[in-house]
Amino acid sequence: MVFTSSLKGRYLFKKILKRGKYYSEENITIYAMKNNSENNYLGICVSKKHGNSVVRNKLKRWAREGYKELEDSIKKGYYIIILYKKKIQVDELNFNEVKSEIEVGMKEVGVI
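Numbered according to the working numbering, the sequence shown spans residues 169 to 280.
Think of the hints as simulated: they come from the structure by calculation, not from any bench.
Computed from a predicted model, the values in this text were never measured in an experiment.
One or more hints might be untrue.
Label pairs and their computed distance ranges (CB to CB) [unchecked claim]:
id: 1; residue 1: Ser268; residue 2: Tyr179; range: 27 to 35 Å
id: 2; residue 1: Lys253; residue 2: Glu206; range: 12 to 20 Å
id: 3; residue 1: Asp240; residue 2: Lys217; range: 31 to 39 Å
id: 4; residue 1: Lys255; residue 2: Asn204; range: 34 to 42 Å
List time: in silico DMTMM-like cross-link candidates among lysine to aspartate or glutamate, alpha-carbon distance up to 25 Å [claimed, not checked]:
id: 5; residue 1: Lys183; residue 2: Glu194
id: 6; residue 1: Lys228; residue 2: Glu276
id: 7; residue 1: Lys244; residue 2: Glu193
id: 8; residue 1: Lys216; residue 2: Asp259
id: 9; residue 1: Lys243; residue 2: Glu206
id: 10; residue 1: Lys228; residue 2: Glu194
id: 11; residue 1: Lys228; residue 2: Asp240
id: 12; residue 1: Lys189; residue 2: Glu271
id: 13; residue 1: Lys217; residue 2: Asp240
id: 14; residue 1: Lys255; residue 2: Glu206
id: 15; residue 1: Lys182; residue 2: Glu193
id: 16; residue 1: Lys217; residue 2: Glu193
id: 17; residue 1: Lys243; residue 2: Asp259
id: 18; residue 1: Lys182; residue 2: Glu194
id: 19; residue 1: Lys255; residue 2: Glu193
id: 20; residue 1: Lys236; residue 2: Glu276
id: 21; residue 1: Lys176; residue 2: Asp240
id: 22; residue 1: Lys217; residue 2: Glu206
id: 23; residue 1: Lys216; residue 2: Asp240
id: 24; residue 1: Lys183; residue 2: Glu193
id: 25; residue 1: Lys183; residue 2: Glu206
id: 26; residue 1: Lys176; residue 2: Glu233
id: 27; residue 1: Lys228; residue 2: Glu271
id: 28; residue 1: Lys254; residue 2: Glu265
id: 29; residue 1: Lys267; residue 2: Asp240
id: 30; residue 1: Lys253; residue 2: Glu206
id: 31; residue 1: Lys202; residue 2: Glu233
id: 32; residue 1: Lys267; residue 2: Glu194
id: 33; residue 1: Lys253; residue 2: Glu265
id: 34; residue 1: Lys243; residue 2: Glu271
id: 35; residue 1: Lys255; residue 2: Glu276
id: 36; residue 1: Lys255; residue 2: Glu265
id: 37; residue 1: Lys267; residue 2: Glu193
No residue lacks a Cβ here, since even glycine has one placed at the ideal position from N, Cα and C.
Can you make the complete structure from the sequences, with help from the hints?
Here it is in structure tokens:
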């Protein structure tokens with residue numbers, strides 16, 4: 169990802185979850201907040217309740233890939249967090265659903 173770095177630090181996550189705009193879809197929730205940088209920062213959270221590390225990493229890869237396909241149209245200078253909801257059924261979820269939900273969520277939050 170060219171204009172995006174990884175979001176690290178618990179304090180940043182808490183700050184964005186508390187003050188940022190959010191939009192909730194069926195499987196994911198997207199939070200976004202403006203920063204004073206030319207880069208975007210992306211954080212992806214998947215609960216341990218979704219399964220073992222293989223499943224959690226697959227969900228994170230899907231979210232990163234969906235974001236990467238939209239990166240050219242996303243405005244610069246935002247913190248973005250993608251949260252998977254705890255109630256989702258991982259077996260019934262596929263990449264196309266995740267990608268479309270990320271796209272709709274980004275539009276609703278005002279990042280695209």
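Here is how each hint holds up against the structure:
1. Distance hint check: the CB atoms of Ser268 and Tyr179 are about 32 Å apart, consistent with the given range 27 to 35 Å.
2. The supplied range of 12 to 20 Å is broken by Lys253 and Glu206, whose beta-carbon atoms lie about 31 Å from each other.
3. One distance hint, 31 to 39 Å for the beta-carbon pair Asp240 and Lys217, holds here, with the actual separation near 34 Å.
4. Between Lys255 and Asn204 the CB atoms are about 36 Å apart, so this pair conforms to the stated range of 34 to 42 Å.
5. Of the supplied pair hints, the one linking Lys183 and Glu194 holds, its CA atoms being roughly 24 Å apart against a limit of 25 Å.
6. Distance check on the hinted pair: Lys228 and Glu276 sit about 21 Å apart at the alpha-carbon level, within 25 Å; holds.
7. Our distance criterion of 25 Å between C-alpha atoms is met by Lys244 and Glu193, whose separation comes to about 23 Å.
8. This hinted pair checks out: Lys216 and Asp259 have alpha carbons roughly 15 Å apart, not beyond 25 Å.
9. A C-alpha spacing of about 9 Å is found between Lys243 and Glu206, which places the hinted pair at or below 25 Å, so the restraint holds.
10. The straight-line distance between the Cα atoms of Lys228 and Glu194 is roughly 17 Å, inside the 25 Å bound, and the hint therefore holds.
11. Of the supplied pair hints, the one linking Lys228 and Asp240 holds, its CA atoms being roughly 20 Å apart against a limit of 25 Å.
12. Distance hint between Lys189 and Glu271 is fulfilled; the C-alpha atoms sit about 15 Å from each other, no more than 25 Å.
13. This hinted pair does not check out: Lys217 and Asp240 have alpha carbons roughly 33 Å apart, beyond 25 Å.
14. Taken as a hint, the Lys255 and Glu206 pair is broken in the structure, with Cα atoms around 35 Å apart against an allowance of 25 Å.
15. For a cut-off of 25 Å, the pair hint linking Lys182 to Glu193 stands: about 20 Å separates their Cα positions.
16. A distance of roughly 19 Å separates the Cα atoms of Lys217 and Glu193; the hinted pair therefore holds under the 25 Å criterion.
17. A hinted pair counts as satisfied when its Cα atoms are at most 25 Å apart, and Lys243 with Asp259 does not qualify at roughly 33 Å.
18. Of the supplied pair hints, the one linking Lys182 and Glu194 holds, its CA atoms being roughly 22 Å apart against a limit of 25 Å.
19. For the given pair, Lys255 sits about 12 Å from Glu193 by alpha-carbon distance, which is consistent with the 25 Å threshold.
20. Distance check on the hinted pair: Lys236 and Glu276 sit about 18 Å apart at the alpha-carbon level, within 25 Å; holds.
21. A distance of roughly 23 Å separates the Cα atoms of Lys176 and Asp240; the hinted pair therefore holds under the 25 Å criterion.
22. Simply put, Lys217 and Glu206 have alpha-carbon atoms about 35 Å apart, too far for the 25 Å limit, and the pair is violated.
23. The straight-line distance between the Cα atoms of Lys216 and Asp240 is roughly 31 Å, outside the 25 Å bound, and the hint therefore fails.
24. With a CA separation close to 21 Å, the supplied pair Lys183 and Glu193 stays within the 25 Å bound.
25. A hinted pair counts as satisfied when its Cα atoms are at most 25 Å apart, and Lys183 with Glu206 qualifies at roughly 19 Å.
26. Taking the CA atoms of Lys176 and Glu233, the gap is about 19 Å. The hint holds against a cut of 25 Å.
27. Proposed proximity of Lys228 and Glu271 is supported: the alpha carbons are some 16 Å apart, at most 25 Å.
28. Straight-line distance between C-alpha atoms of Lys254 and Glu265 comes to about 16 Å, which keeps the hinted pair within the 25 Å bound.
29. Distance restraint check for Lys267 and Asp240: the Cα-Cα separation of roughly 15 Å lies within the 25 Å cut-off, and the hinted pair is therefore satisfied.
30. A C-alpha spacing of about 29 Å is found between Lys253 and Glu206, which places the hinted pair above 25 Å, so the restraint is violated.
31. Between Lys202 and Glu233 the alpha-carbon distance is near 22 Å, which keeps this suggested pair within the 25 Å criterion.
32. Taken as a hint, the Lys267 and Glu194 pair is honoured in the structure, with Cα atoms around 12 Å apart against an allowance of 25 Å.
33. Taking the CA atoms of Lys253 and Glu265, the gap is near 14 Å; set against the 25 Å cutoff, the hint holds.
34. The suggested pairing of Lys243 with Glu271 holds, with an alpha-carbon distance near 13 Å, which does not exceed 25 Å.
35. Distance restraint check for Lys255 and Glu276: the Cα-Cα separation of roughly 22 Å lies within the 25 Å cut-off, and the hinted pair is therefore satisfied.
36. Proposed proximity of Lys255 and Glu265 is supported: the alpha carbons are some 15 Å apart, at most 25 Å.
37. Distance hint between Lys267 and Glu193 is fulfilled; the C-alpha atoms sit about 12 Å from each other, no more than 25 Å.
Going down the numbered hints, you'll see the structure goes against 2, 13, 14, 17, 22, 23, 30, while the others check out.
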